[in-house]
Each structure stands twice: as C-alpha cells, then as structure tokens.
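Given the coordinates of chain A, assemble chain B onto it according to the supplied hints.
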Amino acid sequence: MEFSLTINGSVQKVDVDPETPLLWVLRENVGLTGTKYGCGIARCGACTIHVDGQAAKACQYPASAAVGKKITTIEGLSKDSSHPVQVAWMEVGVPQCGYCQSGQIMAASALLAKRKKPTEAEIEAAMADNLCRCGTYLKIKEAINRAAKIEQS
Amino acid sequence: MTEQTKQILSRRSFIQGAAAAGGGLMIGFHMPLANAATIGPNPQSLTTAVGTEINAWLVIDRDNTVTIRIPHTEMGQGGITSVALLIAEELNVEWSKIKTEFADANRHLRNNKEYKVMSTHGSQLVRLQHPHLMQAGASARERLKQAAATAWGVDRSKVEAKLGVLTSGSHTGTYGEFVDAAATVKLDKEPAINTDPTKWWLLGKGTMRLDIPNKVNGSAKYAMDTKVPGMVYAAVKASPVPWGTLKSFDDSAIKKRPGYVGTVQLKAVPGKRGQPDMQDAIAVVFDSWYRAKTALDLVKVEWDFGESGKTSSAQYYVEGRKLLDQTGQLTGKGDPRAAEIIAAASKVVTAQYERPFETHARMEPINATVHVQADRVDVWSPTQDQSAAITIVAEQLGRDAKDIYAHTMFLGGGFGGNGGGGTGVTKQAAEISKQLGKPVKVIWSREEDLAQDKQRPLALAKLTASLGEDGLPTALFTRGAWFTQDGINNFGSATADYGISNMSYNFPVRHHERHNAKTHIPGSTHRAPGANQMGFMAESFIDEIAIAGGWNPLDWRLKMTEGQDDYQLVLQTLKDKAGFRTDLPKGQGMGIGVVESHGTIAAACATVNVSRRGRLTIEKLLVVLDAGHVINPHAAAEQCEGSVCWELSHAWMGGLEMENGRFINTNFDSYNLLRIDQMPEVETIFASSGGTKWGGLGEPAGPPAPPAVANAIWYATGKRIRSTPFRQHDLSWT
Numbered sequence: 001m002e003f004s005l006t007i008n009g010s011v012q013k014v015d016v017d018p019e020t021p022l023l024w025v026l027r028e029n030v031g032l033t034g035t036k037y038g039c040g041i042a043r044c045g046a047c048t049i050h051v052d053g054q055a056a057k058a059c060q061y062p063a064s065a066a067v068g069k070k071i072t073t074i075e076g077l078s079k080d081s082s083h084p085v086q087v088a089w090m091e092v093g094v095p096q097c098g099y100c101q102s103g104q105i106m107a108a109s110a111l112l113a114k115r116k117k118p119t120e121a122e123i124e125a126a127m128a129d130n131l132c133r134c135g136t137y138l139k140i141k142e143a144i145n146r147a148a149k150i151e152q153s
Numbered sequence: 001m002t003e004q005t006k007q008i009l010s011r012r013s014f015i016q017g018a019a020a021a022g023g024g025l026m027i028g029f030h031m032p033l034a035n036a037a038t039i040g041p042n043p044q045s046l047t048t049a050v051g052t053e054i055n056a057w058l059v060i061d062r063d064n065t066v067t068i069r070i071p072h073t074e075m076g077q078g079g080i081t082s083v084a085l086l087i088a089e090e091l092n093v094e095w096s097k098i099k100t101e102f103a104d105a106n107r108h109l110r111n112n113k114e115y116k117v118m119s120t121h122g123s124q125l126v127r128l129q130h131p132h133l134m135q136a137g138a139s140a141r142e143r144l145k146q147a148a149a150t151a152w153g154v155d156r157s158k159v160e161a162k163l164g165v166l167t168s169g170s171h172t173g174t175y176g177e178f179v180d181a182a183a184t185v186k187l188d189k190e191p192a193i194n195t196d197p198t199k200w201w202l203l204g205k206g207t208m209r210l211d212i213p214n215k216v217n218g219s220a221k222y223a224m225d226t227k228v229p230g231m232v233y234a235a236v237k238a239s240p241v242p243w244g245t246l247k248s249f250d251d252s253a254i255k256k257r258p259g260y261v262g263t264v265q266l267k268a269v270p271g272k273r274g275q276p277d278m279q280d281a282i283a284v285v286f287d288s289w290y291r292a293k294t295a296l297d298l299v300k301v302e303w304d305f306g307e308s309g310k311t312s313s314a315q316y317y318v319e320g321r322k323l324l325d326q327t328g329q330l331t332g333k334g335d336p337r338a339a340e341i342i343a344a345a346s347k348v349v350t351a352q353y354e355r356p357f358e359t360h361a362r363m364e365p366i367n368a369t370v371h372v373q374a375d376r377v378d379v380w381s382p383t384q385d386q387s388a389a390i391t392i393v394a395e396q397l398g399r400d401a402k403d404i405y406a407h408t409m410f411l412g413g414g415f416g417g418n419g420g421g422g423t424g425v426t427k428q429a430a431e432i433s434k435q436l437g438k439p440v441k442v443i444w445s446r447e448e449d450l451a452q453d454k455q456r457p458l459a460l461a462k463l464t465a466s467l468g469e470d471g472l473p474t475a476l477f478t479r480g481a482w483f484t485q486d487g488i489n490n491f492g493s494a495t496a497d498y499g500i501s502n503m504s505y506n507f508p509v510r511h512h513e514r515h516n517a518k519t520h521i522p523g524s525t526h527r528a529p530g531a532n533q534m535g536f537m538a539e540s541f542i543d544e545i546a547i548a549g550g551w552n553p554l555d556w557r558l559k560m561t562e563g564q565d566d567y568q569l570v571l572q573t574l575k576d577k578a579g580f581r582t583d584l585p586k587g588q589g590m591g592i593g594v595v596e597s598h599g600t601i602a603a604a605c606a607t608v609n610v611s612r613r614g615r616l617t618i619e620k621l622l623v624v625l626d627a628g629h630v631i632n633p634h635a636a637a638e639q640c641e642g643s644v645c646w647e648l649s650h651a652w653m654g655g656l657e658m659e660n661g662r663f664i665n666t667n668f669d670s671y672n673l674l675r676i677d678q679m680p681e682v683e684t685i686f687a688s689s690g691g692t693k694w695g696g697l698g699e700p701a702g703p704p705a706p707p708a709v710a711n712a713i714w715y716a717t718g719k720r721i722r723s724t725p726f727r728q729h730d731l732s733w734t
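Read top to bottom, the protein sequences are chains A and B.
Residues 1 to 153 (the numbering used here) are what the first sequence spells out, left to right.
Residues 1 to 734 (the numbering used here) are what the second sequence spells out, left to right.
Treat the hints as calculated values from the structure; they're not laboratory data.
The C-beta atom is built at its ideal place from N, Cα and C for all residues, glycine as well.
There is no bait here: all hints are sound.
Computed list of chain B residues with no C-beta within reach of chain A, every gap over 12 Å: (1) Glu-190; (2) Arg-273; (3) Arg-321; (4) Gly-398; (5) Asp-486; (6) Lys-577.
PhoX-like, lysine-lysine: derived pairs with alpha carbons at most 25 Å apart: (7) Lys-227/B with Lys-13/A; (8) Lys-79/A with Lys-227/B; (9) Lys-79/A with Lys-99/B.
Chain A with its partners taken away, still in its complex shape (with noise of 0.2 Å):
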C-alpha cells in the first residue's frame, strides 16, 4: 500500500504493508539506517525516533498510523550534529560501540524538550527504557546535565 511520510522535514512516499513498523521503514524503503533495531518489543530503545515531537518506539509503531504525523530521526535532529544534545554527547564522550547512542539521543532530546534541566530522577525515568550494553549511563546523565546547560546559554 502506497502513502506518505513525513519524515524529518520532507514528505516521503513508501509502498509497504501497513502495519509495517516505522522502523523498517525507515531503514530499508527510506534508508535511514541511523536508527536500530535492538529486540522488536520496545524494551531496549535501539530505535527511539520523535512522532509530533515525542519519544516513541519505531520497531512498535505501525507506519500506518505514523500518517499525517512529524517524524524525527536521528539524521534530522540537526542538519551537522549541532543540537545541544549532539555537541553534549560528543563533549563528553559518550559513545563506546554506538549502536543504541541513536535511540539515547532521541530519548534525551525528547526529555529536554519538555524539562529544560531535568532531576536526577526525571532523567532515569526517562532514559531508563534505553538499554547499552557498553555500560555508558553515567556519560549519558553527564552528557543531558551538560546538554540543559548549553540549551541555557
């Protein structure tokens, strides 16, 4: 079935089955690999995106029902890593291996978008469905707490 996507700022036609997850659409009919595939259960965060704005889980989500809808990935946060959220985790170091990082940085932009300087708390209610094997959490915190200060300045 073939419909329309709006994805990172640009209406993308995709001829899929419509229960479909986003994910796969993304990463195969649009290309977009930046987003990952980590369990299909949305229980690691691999593939956090933004639908209107918010964190949602792309290997759950229908593209059917992403119709009408902003889609953000990982490649449209910012034209050249720019966003608070980028330059934080670079400043930082957080990456190891680097595959769930996508689906963290989601996660973290879209918990700042809400809450300009998160509590301890906040953040690990909100960043807690992100799995990393690599064992980056205390970088990811450190990286958020920096990433509100740079959005601050």
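Frame of chain A; chain B shown alone:
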C-alpha cells in the same frame, strides 16, 4: 613502591585532559574535536587512502595527511584511536593530520598475515600488539629521516623528525616531501621503540576517541546497515534446542505472500560443531526483513531434539553438585597435603557457589550480509576478526580466500562473542546467497540471537579452607565444574576453575580440580572469560574465610599478597582511597573484590544500601587497576565503567534459564539487564606499576565488581549470596 608510577585520575581530569589534547576549552560546538584526527562514517570501502604507502599501516600524502590503517575491530573499546595513537607517537605527526581507515583483510591473508594479527579479543590490542604497531611508526620515521639525510648530504642521526617536519641545520622539509624517497629506503636495523611513559609526547594524555562524531548523528555504519543493490533479506530459525535436527518443514503458507523470494534449508555438517559452523535451520527470504520475519513464524517445522530436549538448568545444577564431590582433573600440579591438612584441622570453612548460563546480547543483533558472484565474494559481518570472516566464507563456499573481501564495519558490541565469526550466521548468509544468486542479509531476531548465541557456561564450584591459630588459611582445596558443548576444556585461557585456581594469594598449601560436564549448549568467551564467573566465587569465599578467621577482608588480602609488589600497590591504593569500613549501620555495607585477568590486577570496593524489605541499591564502585601502562586514560576509564556495568548486569539482573533443552527468556523483557537507574557511580583509579608490564583494560574491571557487591551485601544484611543473579535472593532484614 616508590619507584612505581602512580596515576590517580579523576573523571574530571580525563575530561580536562581530553580538552587540552583537543587544543581548546570545553565550550561550544566542535571545540574539543577541532584538532582531532578523523575517521569516515563508511568504513566498508576497502581503501580510501591517498598518497604513498610507506608500510602496510601508513600512507602519507604530499599535503602531509597521514592515513593510518587499523587492522583491528572498533567495538567501542577505542581500537581505532589506540592503534592511531601508538603509531603516531613514534611517527611524530600532528594528531590533526591523521586519518584512519580499516586495513584490508584480504591483503592480510594474501600477504601471509601482513598485519600480524587482525583478531580483536582478550584485551590484547594495546598489551600485545603495541610492539609491532609502534614499530611501524618508528620504522617509517627513520626511513623519512634517511630520505632527508640522503638529499641533504648529512648523517641520519643529524636529522630531527617532529610533528611531521624534518629538520637538520638550515635544511627543513615535510614528511610529504620525502615520503616517495622514504618508501624506497631500506634500514640496516629497525629502530627501538619508546616504551618509557615519561618520554611520551602523545600517549597517556587522554584523547577523545575518533569514532565518536560518527556515533552521534546516525552516520556510523554497522554490518546491520549494509545495503547492496538487489539485496534480499533472510530471517532464520535454527532448532530451539541447539543442534537438534530438522525432520520436515511446511512453508506452503508463505509462498504467496508479497515479496516472497524463497525458502532455504540450511544443514549442519556432521562432525562440524565449531564456533562458526551452521546448525540445521530454515531461512525464509523476502524483499524486506519484516516480511521475512513475520512469514517465518508461519512456517511449520518439525525438529528432533533427541536427549538434549530433556535437559534443564535445574538438572545441570543437580548433576554439577554431584561432580563437586567427585575427583576431577587436576589444575596445576596439585598437592595431596591439602586434603590431609583440612581433614585434621579444627577450623574448616566450606562453601558452594553456582552461576547460570549468560549471553552476550550485543545491542546489534547477530547478522551478516554476503554477496556471492562469479569472480568475487563480498562479506559484511559483525566480527571481531575480519580475516577469519574470509576463511569462514571460503570454507562454506569452497572458494579461494583471495577472491573474498571482508568489509570491516563498526561493531555494535563485541564482548568476546564475535557474533559474525562465533556463530553460524556468516556461513548462513554465504550459503543462501550462493543458492539464490543474490546478495543476502541475514538478521537473527533478538529471540534467535539470545537463544542461539554461544553462551557463557553454567558453572559451579566448591571451595574448602582450613584455618590456623592466627585465622589465616593453612590449606585450600577447590573443585570447579562447568557445562560446555561436548565437554570442551577451555575458551582461551578460561577453564572451569579459572579465577579460582589462579588466585595470587600466598596459600601455604593448595589443590585445585575441575570437571568439564557435557551439554548441547554451545559456549564461548564472554568479556573477561572465566574471571567473570569464577572470580565471584573465589572472592566471595575469600571474604567468608577472612571473616571466619577474624580478619578484616582488606587487611587479609594485603597480608596474603605480601611480597607481590603490584598487588600491594593496588590494595594499598584501594585502602587509601576507598574508606573501606566494616562497622556501618545495618542496611549499609562495603565490600572488596580483587581479580586478576588479561595481565591486569583489578580491585573493587562496593558501597551498597539494602532496605529492610530487601531492595538493593548499589551506590558506588571504586575500582583500582594496575595495567602497567595506560595509553589513553579517557578510553581506559570508559572501559572500566563499562566492564563494571557488564558484570553487574549478569550478577544482579541476568540469568539465562533453560528448560526442555532450550532457553526460555530470550528477549529484554525476561532477560532484563542493568538499566540507567541501577547503574552505580564508578570511580576508576590507575595504580600503574609501569616497567615491562602491559596489561589489558577492556575487561578486567568487571570481575571484581560482583564479589565486592555480594561482600557488601553480607555486611549490610548478614546474608551470604552464593549464586547469581542477586535479584533472585531475598535480601530483607530486621
């Protein structure tokens, strides 16, 4: 100890060090990276270097850009940056002039292992590969100096090479100007490398990793991201009971579904049960992976599980406990006096420890893409050894390795599991591509990944010690047992009692035995193999005997390592920094663990809090390590934090459970691992003894963490934990 270098680095100082190395303050976009070397997001191109090749590792362009070829895998451990730092230290070039690319594995095999080693495992990159990597830089530098010396009519010893510039008296020129001439220079003798940290100008400073910028914008490419024109997607299902045989299958329900390409039956080869070998499996191929995965669930498959289908973790524990009461094979020489002393002793402590299967669960699920063509084969595999990816495919296809090209990708986690080479996935992709005549990407669903990966073995141990009048041990007797496929004896250096039999304490008499029990479950190395499982058993037991003997556990460890300077340095540093106490109020506790692996001694002090109802909070881990030298403190500290998280994930939250021969918790809902709200604060201190010691840092910080936490829980609650995961224990207290 006065002669030993002692480096104490707080996390703050790493960040500042990184900023200083980047030439700027930590303010504003790109500042810390402006002066950094670069790596491109698309490592799959076999080579992009421009300029003259001076040796296999180095290409220098006339504009003085230096391309360093990285023979190793980047899985987040900082491999790219470590190789570049080691070579650049000797070559003496500006860090900002460096580009990196992955070395060509086909060339490596073609030229008789030209890069010496391509495998990336065992925390070996810095500790074992630094001599030849530094040599590549030193050799190139001396040849550049010789080329300039010849042109200028001076002796090579009168030429200085610094930051990419050659100088002698009034003569001056860049590396780029002399690289063509240098490439033809043959040295009489290779120069010595500089391993004296006090004379390093680049190493040891704290450098931001080169792969980070590509990992914040989605541009870093993993094997999972491979796309080749005409590529089709395969979802596969092997026997849920590993090594079960396929009796029949019915795929009639899927053949008319849109996008169907084909069904391929994959067959195990009798007698071939090694790491990269295929099991019986069904592959369903479609034009998208989601279609393939959903169709696979509709294929009816009949398996024959044999006797393996009747086994369970619970049964293995029963079997294992029996083995612990039977004589096993000796580890080391053995000492018959141990049993005699224990039998005659008035005070004896004995305890049994048990740990379940665990799995790697790399964030990048196991996958591989292979494109078989008449004249060449291309492979994209998430492997820790790209040269092995070539030989694996060569074997499966019966093709000459020289026609096979492995594209090195970023790896979405390694952890000793080597997903692409350690499982049958790469052979599966090769076989399907061959049969269908198309490029094929095979992706294992997360459930397939956890069920069919090579697992950390289920293991048990029984430890017994007799104590003398002074409360110190007079003899130690241990037996270990683990369950490995076909009773395999070891994974690398890890055996059924590694972490126990190699404890460094000065026991007057000691005797160690082990059993290799058979299972159908394939096993493998798992970050800090052996040390990660048995280190918990050994170091928990040490606390049991220290406390039974009336000793403070930290003082016991200092006493029992007397005469071993590196242990004394690590333990004394821990004592100075950790504030270890045994007199905290109930519900609070501190605990110690010390495990040596990969040539590095790692000691941890845990601080925990346990509520009356038994809710565990791990507040902090202080880790002190002696790896001899640290070339990049920034990346090293990350590895230590990561290793702690890794081990606590399994010891606290993990536990892969087997029933009816198959694993039953095969996704992150039921095999749940450490999350951000459980992660303790980690402080890493390097107490480096220097000299000729070069230890690894990718793994050793993990193993002491679980015993440190369990020992802290004992102080907090009075409850001794002798099995993992901790989550299964009732820690409540009154």
